[in-house]
Amino acid sequence: MATEQKEITDLVKRKYEHGFVTDIEQEFVPPGLDEGVIRLISQKKGEPEFMTEWRLKAYRHWLTMKEPDWAHVRINPIDYQAISYYAAPKSQEDAPKSLDEVDPKLLETYDKLGIPLHERARLAGVAVDAVFDSVSVATTFKEKLAEAGVIFCSFSDAVKSHPELVRKYLGSVVPHRDNFFAALNSAVFSDGSFVYVPKGVRCPMELSTYFRINAANTGQFERTLIVADEGSHVSYLEGCTAPMRDENQLHAAVVELVALEGAEIKYSTVQNWYPGDEQGVGGIYNFVTKRGECRGANSKISWTQVETGSAITWKYPSCVLRGENSVGEFYSVAVANNYQQADTGTKMIHIGANTRSTIISKGISAGHGQNAYRGLVRVLPTARSARNYTQCDSLLLGDKCGAHTFPYIESRERSARVEHEATTSKISEDQLFYCRQRGLSEEDAVNMIVNGFCREVFKELPMEFAVEAQNLLNVTLEGAVG
Amino acid sequence: MNTEALSRQFTAELDRLSGSAETAARRAAAFDAFSATGFPTRRDEQWRYTDLRPISTAELDFAPASPSAELVSRVSESLERSGFDATASRLVFVDGSYCEALSRTTDAAGISIASLASCSEADLPAHAHAPLDGHPLATLNAAFAREGALIAAEAGARTAAPIELVFAASGHSGIAAQPRILIDLGHGADVTLVQHLLDLEPARGWFNAVTQIVQPPGSQLTLYRLQDHAEHQFHTALTRAELAEDAKLICGYFDLGGRLVRNDFDIRLKGAGADADLYGLFLASSGQHTDNHIRMDHIAPGTRSAEAFRGIIGDRGHGVFNGKVVVHRDAQHIDARQSSDNLLLADNAEIDTKPELEIYADDVKCSHGATIGELDDEQMFYLRARGLADDEARNLLTFAFANTILERIALPELRERIAERVAARLPNDETADKMR
Amino acid sequence: MLTIENLHVAVEEREILKGLDLSVNAGEIHAIMGPNGSGKSTLAQVLAGKDSYSVTQGRVLYRGEDLLDMEPEERARRGVFLAFQYPTEIPGVNNAYLLKAALNARREADGEPQVDAFEFMRLIRSRMELMNISKEFLNRSVNEGFSGGEKKRNEILQMLVLEPSLAVLDETDSGLDVDALKIVAAGVNSLRSDDRAMVLVTHYERLLELIVPDHVHVLSDGRIVKSGDRELARELDARGYDWVQQEAASA
Chain A
0 MATEQKEITD LVKRKYEHGF VTDIEQEFVP PGLDEGVIRL ISQKKGEPEF
50 MTEWRLKAYR HWLTMKEPDW AHVRINPIDY QAISYYAAPK SQEDAPKSLD
100 EVDPKLLETY DKLGIPLHER ARLAGVAVDA VFDSVSVATT FKEKLAEAGV
150 IFCSFSDAVK SHPELVRKYL GSVVPHRDNF FAALNSAVFS DGSFVYVPKG
200 VRCPMELSTY FRINAANTGQ FERTLIVADE GSHVSYLEGC TAPMRDENQL
250 HAAVVELVAL EGAEIKYSTV QNWYPGDEQG VGGIYNFVTK RGECRGANSK
300 ISWTQVETGS AITWKYPSCV LRGENSVGEF YSVAVANNYQ QADTGTKMIH
350 IGANTRSTII SKGISAGHGQ NAYRGLVRVL PTARSARNYT QCDSLLLGDK
400 CGAHTFPYIE SRERSARVEH EATTSKISED QLFYCRQRGL SEEDAVNMIV
450 NGFCREVFKE LPMEFAVEAQ NLLNVTLEGA VG
Chain B
0 MNTEALSRQF TAELDRLSGS AETAARRAAA FDAFSATGFP TRRDEQWRYT
50 DLRPISTAEL DFAPASPSAE LVSRVSESLE RSGFDATASR LVFVDGSYCE
100 ALSRTTDAAG ISIASLASCS EADLPAHAHA PLDGHPLATL NAAFAREGAL
150 IAAEAGARTA APIELVFAAS GHSGIAAQPR ILIDLGHGAD VTLVQHLLDL
200 EPARGWFNAV TQIVQPPGSQ LTLYRLQDHA EHQFHTALTR AELAEDAKLI
250 CGYFDLGGRL VRNDFDIRLK GAGADADLYG LFLASSGQHT DNHIRMDHIA
300 PGTRSAEAFR GIIGDRGHGV FNGKVVVHRD AQHIDARQSS DNLLLADNAE
350 IDTKPELEIY ADDVKCSHGA TIGELDDEQM FYLRARGLAD DEARNLLTFA
400 FANTILERIA LPELRERIAE RVAARLPNDE TADKMR
Chain C
0 MLTIENLHVA VEEREILKGL DLSVNAGEIH AIMGPNGSGK STLAQVLAGK
50 DSYSVTQGRV LYRGEDLLDM EPEERARRGV FLAFQYPTEI PGVNNAYLLK
100 AALNARREAD GEPQVDAFEF MRLIRSRMEL MNISKEFLNR SVNEGFSGGE
150 KKRNEILQML VLEPSLAVLD ETDSGLDVDA LKIVAAGVNS LRSDDRAMVL
200 VTHYERLLEL IVPDHVHVLS DGRIVKSGDR ELARELDARG YDWVQQEAAS
250 A
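Residue numbers (numbering that gives the first Met the number 0), protein chains in the order written: chain A, 0 to 481; chain B, 0 to 435; chain C, 0 to 250.
Mixed in with the good hints there might be a few duds.
Below, computed lysine to aspartate or glutamate pairings styled on EDC-like, alpha-carbon distance capped at 20 Å [said to hold, decoys possible]:
1) A/K65 / B/D43
2) C/K181 / C/D220
3) A/K56 / A/D68
4) C/K49 / A/D429
5) A/K399 / B/D362
6) B/K364 / A/E420
If you're looking for bench data, these hints aren't it; they were derived computationally from the structure.
Bound-form chain A, shown alone (with noise of 0.2 Å):
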């Protein structure tokens, strides 16, 4: 068996030693990761040469790293050799060929959700025409960007129509050998947005819609870069707010801001990623690298995130506070039901004077989830007068479940000042006799209180986005109570 096993490991081997230089049309690479490899996706997406080299530096430096093990989290081991790192356009003969077809527990979601019928198709992977009537509202969005100034396009256009921009900002926030997945993506990573505002611009509308039509199947290895040029503004939405159908495993994105000066970033994410069965078993593993650098004085980088989803969640969205004046934010609400676990948090790196951060983080256990909260603040002695407030309640639902805190405070500047709290409890009884005794039924009343809970986080998102997001709480925490 073993051997065997090794035969067909070699087969594979030899086969895209040989095959993937020539042939280029080959939509597919076997698993396997090597400079070749490499090579060919730089290749297959027509990249001009910088870019291949830059992903063979992050690759050599990759092969000299560990993965991390001081997450709170329990990770099946992976085997990195075993994942395909091309395959696009992907193919969609295995998918559903109508929504009778797709798993009706995922129906079910979407009708609870809300979400409109021409979209359940495509978030459940239904191999139909990818584009509906989206098309024409694609359009009318680029022109309406395009005459703003606004670039936003997919990372392999970017690439090929504003390699200056790329070439100056790619890597800039989060280097290629920042951690072992950052490294792994900008090895191999697959595609992504790419956001260009340019100075004094007001983007004119959310970047969100156009996402959700245009985002499906980035796949595994994302990469975002959103530069906001002096005194610019863009609000930034990213996620779906139902179940993808995904199979791929392992997620590793990167995603980079640079506000310069007087810029403002908002990036609001909803992830709602697989999260394995009731069991635990199957669901994503989303370990993302999000860093912004505010970078001008007087810029504002603001992240707003619900995670709900993924099996296991690994990220610390983070701000580098570097331009004096300059404002990080950190609104997050974590949920870690039936064996999810979820490690999560933020930095706030201050390094000019008078920089100012908020955390607000609200993580939710359920099941035999754990929830953890990670984060940093530091605060460098150049950071005259740096503020810090940090907020960070736990909840928890059940006796089965887990809820950490694990903040690291360091500050070198005696006229910064931080502030942390936290919290962990349950829903108390008494608020729960509260509700009832006003007639509510006891998952109601949990669900309100749940919903309160994490309403600080849910005002930042964008209106629309903080309903579904409640919607979503509530469909995750199912079954957690009572």
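Using the hints provided, position chains B and C relative to the given structure of chain A.
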């Protein structure tokens, strides 16, 4: 001091240390366990903020000579000067050796106080040999420890006045004292113990202590410690306690001196109603480094813990607080609070604080808070508006910050004695210095 | 409306109500008075269904049905309302949202259509005026950061909106100044009707000058030891509780 040199000393010591073959084997096992990893480095998460290289590279002598008569009389004078009550029961150790001449072990019925070396092996409580996994320095202590104190209280016994343990250092450099304190209480016993650490002269030695406590149901232990080392001393200590039903432990630790100070607490609440109340004040300036590192395990339901530590960090000082509360599965009805408040008084000072919660039960009330900042502007303004000079106002507010912790000392005389030392050693505010 | 027979209630094995009997008819207001620790609040909480109390003996009938058998929300939906002595704070939950959810739960149980936001506002406007509650108040989190008086006024506002059949008011007068007391009393009085019963649990007589009860009962050591009309309340105010307790002891 490299491992080889340490190993040579250990081999030499092992021959000289008294004890049965079993004890020798235990020491050897402890030394092997330590050698396997050596001194922890900052790569170890538990030592992230504390660099032990000043200790691991120092030339140290683990077999100090017994104190001379001249030294003993100097210690005696120093104790008198410091206003120690001569009638209190106390054990005095000088450079790690027991000093009978200065000690007084008569006490109330049911309580026995003895130097460890004077006890026969059979007299030692079972927990004297409890494993110290995860605490490499304590493991090293287990290899070298030869002296210390055994405090035993029979069921229901109470100390009328606190028992004092005095550890004095002579000022000879390079002495590595490895004392061990064993506290063995009977059901419902109530004991108060005060530990004093002082140096006659500034010395660059290492004081590495282990305190092992076992508290049966209903017992109460109050442990005060005034660490008043001179500026060069290295001080590391592990306080390990296991509490049964309704046992109560109160620790008040005051760390004023030392170059490199690390206090580890490993508290296990194993019986319902067990209650641990830890508080502390530390001052760090002029290159001092002080780290309080706590692990609080709520193993049984219905247990309570509180941790309140305050740090005052002055010029080139580095303060660390790392508190971890772990609530084990099915340990319901837990109340755990943590607070770490810190004053940063100088530009090149640093504070790192990491209050952690790890919770596996749901019916809990756990909270922590941490603050870092300089003196409050509005309070300063208020005091100056009332006519106080800037530095006066600063000193007053700095002391007030410390006083919140000092006020918790239940014994008025001790409170005064410690408060006096705190006031004398408060780091001077940099700005105030410039103004003078 | 409400019949309580030989009610025994314990908390953690300590008996607090020791055989309480009470009968309340529609259209009546009953005041339950008594010294601290006599069991007044326990009675109120048990009627609402708080599960930390265990009923060891006796029964409670509400409109002929076993009240103790119902879940708290079922009691609420059938018209039992408790104005809490210490209304709980629920951070992040909008005051108006809770009230609307409560109203719709009640209406659903009664087979009435749900109210929408517009109708809801129309419905509560006059009641808010009566309780001297401003619109901003609705957007705050339930009871969070409310003063003592605001909490009590909010309880009565909820009662006015939910229009219960049986209202139990637990020390609604405590912590109120004279003006707030008048507002609360006006709210309660506006709800007096022939098909509604109220039980006022109170320590002081002053509330009963504003909300005149039909019956006054003295609760002492878990039992009703004396009943009368509003004159009894006045007498208690003048003479204290000792004489009633002594009378009960000697009897």
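Hint check:
{"no.": "1", "hint": "A/K65 / B/D43", "verdict": "holds, 16 Å"}
{"no.": "2", "hint": "C/K181 / C/D220", "verdict": "violated, 31 Å"}
{"no.": "3", "hint": "A/K56 / A/D68", "verdict": "violated, 24 Å"}
{"no.": "4", "hint": "C/K49 / A/D429", "verdict": "holds, 9 Å"}
{"no.": "5", "hint": "A/K399 / B/D362", "verdict": "holds, 11 Å"}
{"no.": "6", "hint": "B/K364 / A/E420", "verdict": "holds, 14 Å"}
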